[in-house]
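So the sequences go chain by chain: U and Y. So for the first sequence, our numbering puts the first residue at 15; every next one is plus one. So for the second sequence, our numbering puts the first residue at 15; every next one is plus one.
Each hint should be verified, as a subset may be incorrect.
When chains are identical, the list treats them as one kind, so a pair holds in a single copy or across two.
Stated by the list, open to error - Dumping the calculated DMTMM-like pairs for lysine to aspartate or glutamate here, alpha-carbon to alpha-carbon at most 25 Å:
(1) K387 <-> D416
(2) K352 <-> E158
(3) K193 <-> E278
(4) K47 <-> D336
Just so you know, these hints were derived from the structure itself, not from any lab. Note that the coordinates shown come from a computational prediction; the quantities given were computed from them, not determined experimentally.
Protein chains: 2
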Amino acid sequence: MDKAAITFQDVEGGVASPIGFYAAGGSADVRKKSDKRLDTGVVYSLIPCAAAGVFTINAVKAAPVLQCQSLLESEGRIHGIVANSGNANACTGAQGKEDAAAMSLAASQACGVTDSSFLVCSTGRIGELLPMESLLETIKPLGEAAVAGAKDNESFGKSILTSDTKNKVCTAIFEIDGKTVTVGGCAKGAGMIEPNMATMLAFITTDIDAESEQLKTVLQKAVKTTFNAITVDGDMSTNDTVLLLANGESDVLLNAESEALFQEAVNQVCDSLADKIVADGERITKVVEILISGAANEGDAENIARAIGNSLLVKTSWYGNDPNWGRLMDALGYAKAKIDQDTIDIFYDDVPALEMSTPVPENKPKWKEIVSKPRFSIRINMHQGDATYRLRASDLTEGYVDFNKSE
Amino acid sequence: MDKAAITFQDVEGGVASPIGFYAAGGSADVRKKSDKRLDTGVVYSLIPCAAAGVFTINAVKAAPVLQCQSLLESEGRIHGIVANSGNANACTGAQGKEDAAAMSLAASQACGVTDSSFLVCSTGRIGELLPMESLLETIKPLGEAAVAGAKDNESFGKSILTSDTKNKVCTAIFEIDGKTVTVGGCAKGAGMIEPNMATMLAFITTDIDAESEQLKTVLQKAVKTTFNAITVDGDMSTNDTVLLLANGESDVLLNAESEALFQEAVNQVCDSLADKIVADGERITKVVEILISGAANEGDAENIARAIGNSLLVKTSWYGNDPNWGRLMDALGYAKAKIDQDTIDIFYDDVPALEMSTPVPENKPKWKEIVSKPRFSIRINMHQGDATYRLRASDLTEGYVDFNKSE
Chain U
15 MDKAAITFQD VEGGVASPIG FYAAGGSADV RKKSDKRLDT GVVYSLIPCA AAGVFTINAV
75 KAAPVLQCQS LLESEGRIHG IVANSGNANA CTGAQGKEDA AAMSLAASQA CGVTDSSFLV
135 CSTGRIGELL PMESLLETIK PLGEAAVAGA KDNESFGKSI LTSDTKNKVC TAIFEIDGKT
195 VTVGGCAKGA GMIEPNMATM LAFITTDIDA ESEQLKTVLQ KAVKTTFNAI TVDGDMSTND
255 TVLLLANGES DVLLNAESEA LFQEAVNQVC DSLADKIVAD GERITKVVEI LISGAANEGD
315 AENIARAIGN SLLVKTSWYG NDPNWGRLMD ALGYAKAKID QDTIDIFYDD VPALEMSTPV
375 PENKPKWKEI VSKPRFSIRI NMHQGDATYR LRASDLTEGY VDFNKSE
Chain Y
15 MDKAAITFQD VEGGVASPIG FYAAGGSADV RKKSDKRLDT GVVYSLIPCA AAGVFTINAV
75 KAAPVLQCQS LLESEGRIHG IVANSGNANA CTGAQGKEDA AAMSLAASQA CGVTDSSFLV
135 CSTGRIGELL PMESLLETIK PLGEAAVAGA KDNESFGKSI LTSDTKNKVC TAIFEIDGKT
195 VTVGGCAKGA GMIEPNMATM LAFITTDIDA ESEQLKTVLQ KAVKTTFNAI TVDGDMSTND
255 TVLLLANGES DVLLNAESEA LFQEAVNQVC DSLADKIVAD GERITKVVEI LISGAANEGD
315 AENIARAIGN SLLVKTSWYG NDPNWGRLMD ALGYAKAKID QDTIDIFYDD VPALEMSTPV
375 PENKPKWKEI VSKPRFSIRI NMHQGDATYR LRASDLTEGY VDFNKSE
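Modelling step: build the complete structure from the supplied sequences, incorporating the hints.
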């Protein structure tokens, strides 16, 4: 598969880019600050969609996560998504479940759809009931705008943000047999960002013609190495959700011929959104790519990468531009992986710090220079086997602590 | 067993308190700052001791840890301990192992002991060779002072500190059959503090008459609920070591009659030192006791406590005096334990925040008051079984990040 066959737009478009998808965002004042902040959004497709989702594996799941899972399991077609930020509708008991169902129904009615086939997503504060009256009032005109043809990627993208500082959208396009397939994406991240999802929502839409089971396979493959391979603070949230909707309006079938191109397009969209999430982590200053090789097996490679990427001492040293390989050695030592402490190579970008566990101190000025950059990589070869893993992590700053010390 | 049968001195005495134990501390300028900071210490017993140790389970082990493990496995008697701070002698290869052996030999020679039977401990920076010349020069007079009868608990205690702000010593004494048994302890902690040891050293001496195997059983029991049940930053170090030495000079045998009292005395010493370590964590402002009950099994109870105690979002909220039970629910949800999200009780001290997962918002002012204290407890009942776990954790502050951003 030729990656160049995909036209990738890194900061353009979004969920309303594929043919037949519409989107709008508005304000329901979920945060009760009367600041007109965008906090409610609707995505709509006139043609009902095949759909797939990947969700948090946190045992405490928010009501909208349960609603999405139940709707996808019922195997009906999906008309769209209704989402809000500012309140996660998590730990809200029976009332929370009723509220999620009511949001779905309100979106269906606003779009003139007879059955309740809207997926629901919420993100924000845990443990408080949604302000349903203003939410329902807001969903109605947004649904009507979507039906009327609104393709407002920007206001929809903004409506799902919480502590994010940037709107996160992208689009991948490819041609096949003279027809064009578009994959549009939109995400939010910022805090509670750790493997197996985060306080993150990501919505991906496409006009390819596919079955839900096919979408599920494609989405799971893409998520594994993108959304599930980033960490900001190691906290896995109650609401993490990635959704993929396909309405078939391109007239291109997802089949043996188109499969590789479509997978690559979805991969690129997920990779771009995942990178935007980690790069916009709360008050971070650096994105570090941790590349483990030579591990005994993939589980070991992942454990090593995560031990490093979640170590407070490692993350604070990155923040301080300190190439502290001793803290890397300490973290990989407790990763519960097969390790020979005498056969480890560590590189900062391409500059060796340790070769077969022997320091290369003459390179220290170069390590220091590399660690001072806003993006760099740490490559570690364990010499235990052939397994590899790639994790993108952020540093930890005083700003993160200050930002999170109260809500 | 009557706890009151133990006379406990929380901030007095130390490793030289039991009969026949001697100690001294001096400066070898390990940190090369020419500031005369105490950084080298010797503990000595004229009568060779039975001994036991508990060590880091980090796969990357420092040279002195390997030296101690090997010496204890050889089942010889032990004459004492030689320790330094400022340099961990970790990730130092073959030279590091030679240096650890040379420290042991130097202490033996200084004390006039013919065989090399001194345990060695180092703590501090990883990846640099020890300044052996000045260390060996410093060990000699310290050994001689110990042989001459020095019982300098204070200078020995200070010599092992790194980023600690306080000397950590205590003593437990009990009487049996008209004879007195003393257990003295000394520790250092501060950073890389997480379960299964930390960048922590703890030395416990006693004049009871015991076999090494007996000491091992007593020490492992005591460590499990004390040193292994604290967390500051979740980083487990390469050097963590707890040693217990017994020289028999009290003429009290460790047997069925004395066993319970001795175990309790060692428990109290370990508990006091562990508490001092977490309370003196790097730039912390709070110590929080996490008490899990009603878990399906002990592993689950421990996983839940650790998920909460190591969550950055939970720790920063404590720092900000924010009783954010939503973050507690989020953390326990990813603890990989058996959980029913609808049957959870959460208390701040004795004030309920959640009962069967239903918030008790009228108590909010009280939670806020409790979380603002320098010490408080969080009690969580999972209603899944009978298992319990207790973990002491600290908050996370901007000061921690600032302190650790470079060495």
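Consistency of the hints with the structure:
1. K387 <-> D416: Classified as both: same-chain Cα gap 23 Å, cross-chain 19 Å, threshold 25 Å.
2. K352 <-> E158: neither (57 Å within a copy, 44 Å between copies)
3. K193 <-> E278: Classified as within; 17 Å inside a copy, 79 Å across copies.
4. K47 <-> D336: between (41 Å within a copy, 20 Å between copies)
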